[in-house]
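Participant: So the protein sequences, as listed, match chains V and P.
In our numbering, each residue carries its 1-based index in the first sequence increased by 1259.
In our numbering, each residue carries its 1-based index in the second sequence increased by 4.
There could be a bad hint or two in this list.
[As the list claims (entries may be wrong)] What follows is a set of in silico ranges between Cβ atoms, one per label pair, in the way DEER data are often shown: (1) V:Glu-1728 x P:Glu-16: 53 to 63 angstroms; (2) P:Val-38 x V:Gly-1386: 34 to 44 angstroms; (3) P:Glu-16 x V:Met-1391: 36 to 46 angstroms; (4) V:Asp-1390 x P:Gly-160: 41 to 51 angstroms; (5) V:Gly-2096 x P:Ser-9: 22 to 32 angstroms; (6) P:Lys-150 x V:Gly-1378: 56 to 66 angstroms; (7) P:Asp-74 x V:Thr-1396: 20 to 30 angstroms.
[Claimed, not checked] Anything over 10 angstroms on all C-beta distances counts as not near chain P; from chain V, calculated: (8) His-1262; (9) Ile-1268; (10) Arg-1316; (11) Gln-1371; (12) Asp-1390; (13) Lys-1398; (14) Thr-1428; (15) Arg-1431; (16) Gly-1438; (17) Ile-1449; (18) Ile-1542; (19) Val-1847; (20) Tyr-1965; (21) Gly-2096.
Keep in mind that the hints were calculated from the coordinates and are not lab data.
C-beta: ideal position from N, C-alpha, C; glycine also.
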Amino acid sequence: MIHLTIDGIPVEVEKGTTILQAARQIGVEIPTLCYLEDVLPDGSCRLCVVEVTNNGRTKFDTACTLRCSEGDEVQTMSEKVVAYRKDTLDLLLSDHRVHCFSCEANGDCKLQDYCFEYGVTETSYPGEMKDMPIDDTNKFFTYDPSLCILCHRCVNTCKEIVGRGAIDTMDRGFQSVIGAHYKHKWNEGICESCGNCVQACPTGALTMKRRKKYRPYQIDKKILTTCPHCATGCQYYLLVKDGKIVDTEAVNGPSNKGLLCVKGRSGCFDFVQSPERIKYPLIKNKETGEFERATWDEALDLVASKFMEIKKQYGSDSLAGFACSRSPNEDIYMVQKMVRCCFGTNNTDNCARVCHSASVAGLAMTLGSGAMTNPIEDITKNADLIMLVGSNPEEAHPVVGMQIRQAVKRGCKLIVVDPRDIGLAKKADIHLKLKPGTNVAFANGIMNVILSEGLQDDKFIAERTEGFEELKEIVKDYIPEKVAEICHIDADDLRKAAIMYAKADRAPIIYCLGVTEHSTGTEGVMSMSNMAMMVGKLGREGCGVNPLRGQNNVQGACDMGAQPNVYPGYQKVTDPAVREKFEKAWGVKLDPNIGTHATDVFPKAITGEIKGLYIYGEDPVVTDPDTTHIIKALKSLDFFVLQELFMTETAQYADVILPGVSYAEKEGTFTNTERRVQRVRKAVTVPGEMRLDTDIIIDLMNRMGYPQPHLTSAQIMDEIASLTPSFAGISHERLDSEEVHGQGLQWPCTSKDHPGTPIMHVGKFSRGLGWFYPAKYVPSAELPDEEYPIILMTGRILYHYTTRAMTGKTPELMEIEGKSFIEMNIVDADKLGIKNGDKVRVSSRRGSIESTARVGTKTSPGESWMPFHFPDGNANWLTNAALDKYARIPEYKVCAIKIEKA
Amino acid sequence: MLDQSFYQKADEIIAFYGKKPASLIPIMQDIQGVYRYLPEELLTYVAEQIGVTEAKAFSVATFYENFSFDAKGKYVIKVCDGTACHVRKSIPVLEELYKKLGLSKTKKTTDDMMFTVETVSCLGACGLAPTMMVNEEVYPRMTPEKADELIDKLRGGEQG
């Protein structure tokens, strides 16, 4: 340890600590402009200069770069230090355009604050000023060189923290300027518009364009909440002025570490205040087919009476109700309660059915719990190697992607297993560009190598697992050469990957929909846990099997029992003791049979087995496979009710639309991908007759004859906790408490004094022994043939979230990416005479759409990829509703198509 | 679009120095050595190949005066305007060159791509001031007249 004094206060610090860090330890503030925590100091602004005396010698140096030495006597505010800082500020002002009155950063500018504090009113070095044009080509922010103090916080944020490196200093000396290229503008580089650089800027050089609409001191309140897009669970403030959300501000949350992506920062409130919101209940006039405005009483009476009529006539199982994975836990709980208590059936589900139901089912079968085993921070900070399978986090979970990029920068090895050259593949040590639909073969190949090299963890296998011998028999056949042929990869790369993974001490598997969205999705998931168990990489730091969940609260939707087979907390509906507990609590007889899965509800609607459907916040016409089939199913229903924010594609087919409210208008909780329950808080009230979603459900329950008292969101969570052992310790009060201090609680959290569970399966699996599932490779349901020779995969892009119902309301996002496209290989394109940018017709056995070709080598020959966000050419007209036998998840990732020049 | 030969040349140079970020500067020097400038598309290509971002590559290239994104003439004339050369009257030499070649501070290369005139801060040959360099050769104790003759000679050599 090193001993020194700062302003006379004695401090003891570890070797290597800087003076700035030491001062912060004891609460002494030293001014900084360029300093960025956790990044090597830039030392460029010179404002943190301090006076250090040691061994009778005195020197001035920057506190951010100078490491503490034994016996240092540091003065942070001596007369000379103050004079030095004044001069530094004076020099900074000499080429800073001082127009604070009209500057967007006025009142929120560190340069202004320090000039005020040190009494610098104007520069005493007037001279040449930087005269360079403002770059406003980015859709969301502008860069003004005349306000830039070249502190490089933006450059270092982008490079070191976001891990993108889109910007740097161009030119030198007085001509220095921040940019993406010496000549091209900001929008022509690789900037992802996340805006983390803007939040890092200490002056007005980088400002969000929306800052023109408000002054920081006009903000009435800042509401801390959780992002409504992906399941990373980023924390931010919504800034409210005159009852309207005007901006966001990232918060250093447990999963986002102060970062946001472009959707979180800039696409999370336009939709809340969109004029396209449905403002009052609508009932479809049967004769005209038009929606007509109704009162809440009319609409609720109609819905309740219709559902009860169908129930009476056709029985409970002719009804179904889906909950919304974008809505809070409390809302979801009430939907499944309504379906179970009022409809009298287990026909409830959520959209996890079409994304990660395979994870929920697969991991529950092998490990006992279908969720991410380790926290995001753990698998990105503590890992020696990351095995990323079928996941493109840079686009689908951007803030997780940023943390993986940081990990790689730190030296963490990366194996990418993905059919496309995704961004992270370029940074990978090994990229296994496998053929879509061959995950099980790949995993069996990895395990074959592990066993033949003797790298398995025998102790772990013996003590903590079962079924190993059976699996061993199966993987024996999957020699690398055979797997290489099935997967179209290099056998030596497979060997190398297996050995690297097995030998790394801490190595998480992170996977996503590339594993689950197959007709063998559940087996794909179980293959992931097979690999991890074989090398004992479960139940400890920096390891595990980690599905990155899709929606903000899809984890919660599964946790809350919006599934046909389980009540909240994965308590089985078929277990008589569990059922009895819920019957007692809810005061009704409950259906003892497993209900119908969402993906089976649509075929059953066509056959007439399902007559009435209640959907809360889903848009299956856009998101579910084989659109023609979905539309036919919706049209076949006797009665279809939708609780929604917008007139979606699906809404067109509803009989009644009940307008609910968005995440920014209500209290509640979201559970992110790492099982972390975090608060959602009300920021605004949007004018209109929209009602709180839980109130809509509760009113309907009462009208359907179930006496459900009106409860607040917090009271609903208390009811959840009382019935769900893994949520027993969770309440709004506790989440808001000092004890939790904004970190949320990770389930299982079994009592009020339980701290939550960051890492699962420590010492023992939830299931008891981990089970090796003997999975054999089975090809995808629809393979390319002469007529439809190309494989189509589908997925998401950075700038939109699934149906685009929310992100599509932010015009700038639509300007960046607003149209359907298909990525195809140049070899196929050449054969078909298609060039990059050409209009193409894409057809499968189920439908045909037009799109625009993006020709390159991102996909392999014979393979193509499309996003499903865009109505002008939605991939789901083409996709195949072949279902997985366990999870009933559709095969979005493989169907056969043909592409022609349009 | 650059001709494919540029990328082949770049590949050779990259192979020589290795696909690593630390190779950036020597690769840029060699490319400029071949083409007398750094074609910007080629720098973008090099950056991607050796694993540095485009922004970083351009940041480095624009930091050093020596790298140029503009094609240079066959003869690159560097007139020293360091302190010693400046006081020994380097500016009249520069002005004579500008006048004779129709160049200026902003137009540095003749349209026939024969001559580029630049100033440098010191050639390290102050004893021979005012000094000038044409490509790799140093010309000592310059005067406007000598500069004039030199241009004629270089041109004549070209014609002959």
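Participant: Work down the list of hints and note, for each, if the structure agrees.
Facilitator: Checked hints:
1. V:Glu-1728 x P:Glu-16: 53 to 63 angstroms: Once the Cβ atoms are compared, 55 angstroms apart, the range 53 to 63 angstroms for Glu-16 (chain P) and Glu-1728 (chain V) holds.
2. P:Val-38 x V:Gly-1386: 34 to 44 angstroms: The hinted range 34 to 44 angstroms holds for Val-38 (chain P) and Gly-1386 (chain V), with Cβ atoms some 41 angstroms apart.
3. P:Glu-16 x V:Met-1391: 36 to 46 angstroms: 37 angstroms Cβ-Cβ, so the 36 to 46 angstroms window holds.
4. V:Asp-1390 x P:Gly-160: 41 to 51 angstroms: holds, 44 angstroms
5. V:Gly-2096 x P:Ser-9: 22 to 32 angstroms: At 26 angstroms between Cβs, range holds.
6. P:Lys-150 x V:Gly-1378: 56 to 66 angstroms: holds, 58 angstroms
7. P:Asp-74 x V:Thr-1396: 20 to 30 angstroms: Holds, since Asp-74 (chain P) and Thr-1396 (chain V) (Cβ atoms, about 23 angstroms apart) stay within the stated range.
8. His-1262: Holds: least Cβ distance 39 angstroms, greater than 10 angstroms.
9. Ile-1268: holds, 41 angstroms
10. Arg-1316: holds, 34 angstroms
11. Gln-1371: Gln-1371 (chain V) clear of chain P: closest Cβ-Cβ about 28 angstroms, beyond 10 angstroms.
12. Asp-1390: holds, 16 angstroms
13. Lys-1398: For Lys-1398 (chain V), whose nearest Cβ neighbour in chain P is about 19 angstroms away, the distance exceeds 10 angstroms, so it holds.
14. Thr-1428: Thr-1428 (chain V) not clear of chain P: closest Cβ-Cβ about 5 angstroms, inside 10 angstroms.
15. Arg-1431: Incorrect as stated: the minimum Cβ-Cβ distance to chain P is 5 angstroms, not above 10 angstroms.
16. Gly-1438: violated, 7 angstroms
17. Ile-1449: violated, 7 angstroms
18. Ile-1542: Nearest chain P Cβ is 56 angstroms from Ile-1542 (chain V), so the label holds.
19. Val-1847: Non-interface label on Val-1847 (chain V) holds, nearest chain P Cβ at 61 angstroms vs cutoff 10 angstroms.
20. Tyr-1965: Holds: least Cβ distance 59 angstroms, greater than 10 angstroms.
21. Gly-2096: holds, 16 angstroms
Checked against the numbered hints above, the structure violates hints 14, 15, 16, 17; every other hint is satisfied.
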